[in-house]
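**Q** I would like the entire structure built from these sequences, with the hints used as guidance.
2 protein chains.
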Amino acid sequence: MKTTGNKKAVEPRWVEGDVQTFLSLSDADMKLIEARLAISRLLKAARKSQKLTQKAVAEKLGTSQSRVAKIEAGDPSVSLDLLFRSAFSLGLSGKELVEAF
Amino acid sequence: MKTTGNKKAVEPRWVEGDVQTFLSLSDADMKLIEARLAISRLLKAARKSQKLTQKAVAEKLGTSQSRVAKIEAGDPSVSLDLLFRSAFSLGLSGKELVEAF
DNA sequence: GGAAATTATGTCAGATTTGACATATCCTCA
DNA sequence: TGAGGATATGTCAAATCTGACATAATTTCC
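Here the protein sequences come in this chain order: W and H. Here the numbering used here = 1-based position in the first sequence + 16. Here the numbering used here = 1-based position in the second sequence + 16.
Incorrect hints may have been included.
If chains are identical, the list can't say which one is meant, so a pair holds when it fits in one copy or spans any two.
[Claimed, not checked] Straight-line alpha carbon distances no greater than 16 Å define the calculated EDC-like cross-link-like pairs of lysine to aspartate or glutamate that follow:
| id | residue 1 | residue 2 |
| --- | --- | --- |
| 1 | 67 | 50 |
| 2 | 76 | 45 |
| 3 | 76 | 43 |
| 4 | 64 | 50 |
| 5 | 64 | 45 |
Calculated from the structure, these hints are not laboratory results.
**A** Spelled out as structure tokens, the structure:
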């Protein structure tokens, strides 16, 4: 896929990092965003594997179904703190969370 | 260590979990608090091993020296988000962090 | 199909976290 | 001993995050 006969590679219409640049995010910021998304995916998977509804998780966690939905959606209004509390209240261990990084 | 001749074990003057109970913290809350402390220790160690001052770290991180002090002190006014951003900006990986749990 | 359950989205007031600043305390090295 | 750098503590207004609620969209069964 890489080596067609072309001398010059096609101009990329945009390059990786554009969003980061556009929003002027540091590498640390980017990593944090990725971590959040990874964790939210982990949480959704964990909930499903335990056959719980978002409502049930919300109760464990002391919050509302809608917030759990936002947690799983990677909504920016959800902090890492809340993500980790969710993870712990779902019984995830540090080891399992490492997967997200 | 378990089986001395005593019929009855000494009354513990307080049992583990008292603080938790007193403040009515969930297990998830406790784990989060422990995680925070673990990370703050890690951060302090990382900074020192890189021979940086709090001021220098503050600049990397886009904040003030005083907040870095609070980060390292495990001050409750510091969120997990900030702890992770600090860690990343010091070059620590997510894995290293989560393994500290 | 359609009712019921589940999940998603939007909004908001109150709570928490933020960087910044002032200032206090602790080091350390001459 | 003390001057200067490093670290700690307190405070505040602005920014962000929170749970709760309403309601929309989607999925699941019959």
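**Q** What label fits residue 64 with residue 50 when the C-alpha limit is 16 Å: within, between, both, or neither?
**A** neither (21 Å within a copy, 27 Å between copies)
**Q** Is the C-alpha distance from residue 64 to residue 45 at most 16 Å within one copy, between copies, in both cases, or in neither?
**A** neither (29 Å within a copy, 23 Å between copies)
**Q** Have a look at residue 76 and residue 43 and pick one of within, between, both or neither, based on CA distance no larger than 16 Å.
**A** between (34 Å within a copy, 11 Å between copies)
**Q** 16 Å Cα cut-off: does residue 67 pair with residue 50 within a copy, between copies, both or neither?
**A** Answer is neither: 26 Å inside a copy and 28 Å across each miss the 16 Å cutoff.
**Q** I want to check one pair: residue 76 and residue 45. Are their C-alpha atoms no more than 16 Å apart within a copy, between two copies, both, or neither?
**A** Result: close only across copies, 12 Å inter versus 30 Å intra.
When the structure is compared with the earlier hints, violations turn up for hints 1, 4 and 5 and for no others.
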